[in-house]
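Construct all of the structure, not just a fragment, from the sequences and the given hints.
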Amino acid sequence: MPARGSAARLLEGLLLIAVALLVPLCLYVVFAIVPTEEKMGIVQRIFYFHVPSAFAAFLGVGLCALFSTLYLWRRERRYDRMAHASAELGVLFCTIVLITGPIWARPVWGVWWTGEVRLTSTLILWLIYVGYLLLRENALNRDQAARWAAVVGIIGAMDMPIIYKSVEWWRGLHPKVLRISGGGGLEPTMEKGLMLCTATFLLLFAYLLIQRSRLGRLQDEIEALTHAARSVAAPGAAPAPNGARP
Amino acid sequence: MTSRTLASILPALVTLLQEIPSTAAAATADPASQAAIVERKLHFLAWAYTVVWVILALYLVSLSVRLRRLSGALRRLRERLGL
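Read top to bottom, the protein sequences are chains A and B.
FYI, the numbering for the first sequence is 1 to 246, going by the numbering used here.
FYI, the numbering for the second sequence is 1 to 83, going by the numbering used here.
Hints are not guaranteed to be accurate.
What the hints assert, rightly or not - Distance condition first, Cα-Cα at most 25 Å in a straight line; then the derived SDA-like pairs of lysine to any residue:
(1) 165/A to 121/A
(2) 39/A to 173/A
(3) 39/A to 30/B
(4) 39/A to 98/A
(5) 39/A to 27/A
(6) 192/A to 19/A
(7) 39/A to 56/B
(8) 192/A to 46/B
(9) 192/A to 56/B
(10) 39/A to 36/B
(11) 192/A to 30/B
(12) 39/A to 155/A
(13) 192/A to 206/A
(14) 39/A to 34/B
(15) 39/A to 46/B
(16) 165/A to 151/A
(17) 192/A to 50/B
(18) 192/A to 32/B
(19) 165/A to 155/A
(20) 192/A to 36/B
Since the hints were derived computationally from the structure, they do not count as laboratory data.
Note that the coordinates shown come from a computational prediction; the quantities given were computed from them, not determined experimentally.
Here's what the structure looks like:
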């Protein structure tokens, strides 16, 4: 167990160092190397943090659904902890997407928000997972919170394919691909910049996930010790193995 | 950041960004209005990047506060139970 703990610490340290080195590099690449997009101008540089945030949000939601499924199948507390941590990070990165998107849209489209499907479905995804977090806070006991949240986590993830495919299924203002100088897709330097920023955001996501899951572990440990202390103080008291809230 | 500092940084940033090669064809509009458009878009860009870092910093602080509080509570609980 201590070896596992030290390995986790090492991984965490390496992730932190990688993120600390990559973030300034990303900023340098975004502001000094990648060319300015022809139609939108410099404001298009929001793209390099907006899109990676969306990838990180998708990863959070996807992991939440995966761990929720594992929890419902195996009923192991660690899966529930990971699902909770992933959902929180999904909400965090989805919030960034929903704020940077309108800031990008205003100078390019002339409006902060439109009712098109990609934007609306992303907002719905955010609302579902905010609801997921609120549900966990307000459930009567830990088991109930875990079960209900797992169901919401799985159902909520069904919004992801809709978001992803929305620009193909419905026509709207949201770009599918950026077209540079009549060509298709991203210009190679832009693509490299996007890949670098995406890698940085995913490493940041991994670092935050480790930290957030540690928080869940500490909460569980405190609950277990509190229960043990109550059992010692009042033998024969309610067993509360399901972690009923005090 | 004061508006005076921002006012002194913005023209320098505008110049820097104008020097970066653009994929656009040669500009046809007059340079003054072009600079005004670039500066306006730069404000949006600055806001977006500020928001990203502020949100991430706030989350990191909140996570660190929660972790410290729970570690303290766990330590106190263990001491009380004699573990």
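How the hints compare with the structure:
The straight-line distance between the Cα atoms of residue 165/A and residue 121/A is roughly 11 Å, inside the 25 Å bound, and the hint therefore holds. Distance check on the hinted pair: residue 39/A and residue 173/A sit about 14 Å apart at the alpha-carbon level, within 25 Å; holds. Of the pairs offered as hints, the one joining residue 39/A and residue 30/B holds, with about 17 Å between alpha carbons and a cut-off of 25 Å not exceeded. In summary, the hint linking residue 39/A to residue 98/A is supported, as the alpha carbons are separated by about 22 Å, within the 25 Å threshold.
Restraint check for residue 39/A and residue 27/A: satisfied, since their Cα atoms lie roughly 22 Å apart, inside the 25 Å limit. For the hint linking residue 192/A to residue 19/A, the alpha-carbon distance of about 17 Å falls within 25 Å, and the restraint holds. Proposed proximity of residue 39/A and residue 56/B is contradicted: the alpha carbons are some 30 Å apart, above 25 Å. For the suggested pair residue 192/A and residue 46/B, the alpha carbons sit about 22 Å apart, so the restraint of at most 25 Å is met.
Of the supplied pair hints, the one linking residue 192/A and residue 56/B holds, its CA atoms being roughly 23 Å apart against a limit of 25 Å. Distance check on the hinted pair: residue 39/A and residue 36/B sit about 16 Å apart at the alpha-carbon level, within 25 Å; holds. A threshold of 25 Å between alpha carbons decides the hint, and for residue 192/A with residue 30/B the separation of about 33 Å lies outside it, so the pair is violated. Taken as a hint, the residue 39/A and residue 155/A pair is broken in the structure, with Cα atoms around 38 Å apart against an allowance of 25 Å.
Under the criterion of a C-alpha separation no larger than 25 Å, the hint pairing residue 192/A with residue 206/A is consistent with the structure, at around 21 Å. Distance hint between residue 39/A and residue 34/B is fulfilled; the C-alpha atoms sit about 13 Å from each other, no more than 25 Å. Between residue 39/A and residue 46/B the CA atoms are separated by roughly 19 Å; this keeps the pair inside 25 Å, and the hint holds. Straight-line distance between C-alpha atoms of residue 165/A and residue 151/A comes to about 23 Å, which keeps the hinted pair within the 25 Å bound.
Annotation: proposed proximity of residue 192/A to residue 50/B holds, straight-line Cα distance about 23 Å (limit 25 Å). Restraint check: the Cα-Cα separation between residue 192/A and residue 32/B comes to about 32 Å, which exceeds 25 Å; the hinted pair is violated. For the given pair, residue 165/A sits about 17 Å from residue 155/A by alpha-carbon distance, which is consistent with the 25 Å threshold. Distance check on the hinted pair: residue 192/A and residue 36/B sit about 30 Å apart at the alpha-carbon level, beyond 25 Å; violated.
In this structure, the earlier hints numbered 7, 11, 12, 18 and 20 are contradicted, and the remaining ones agree with it.
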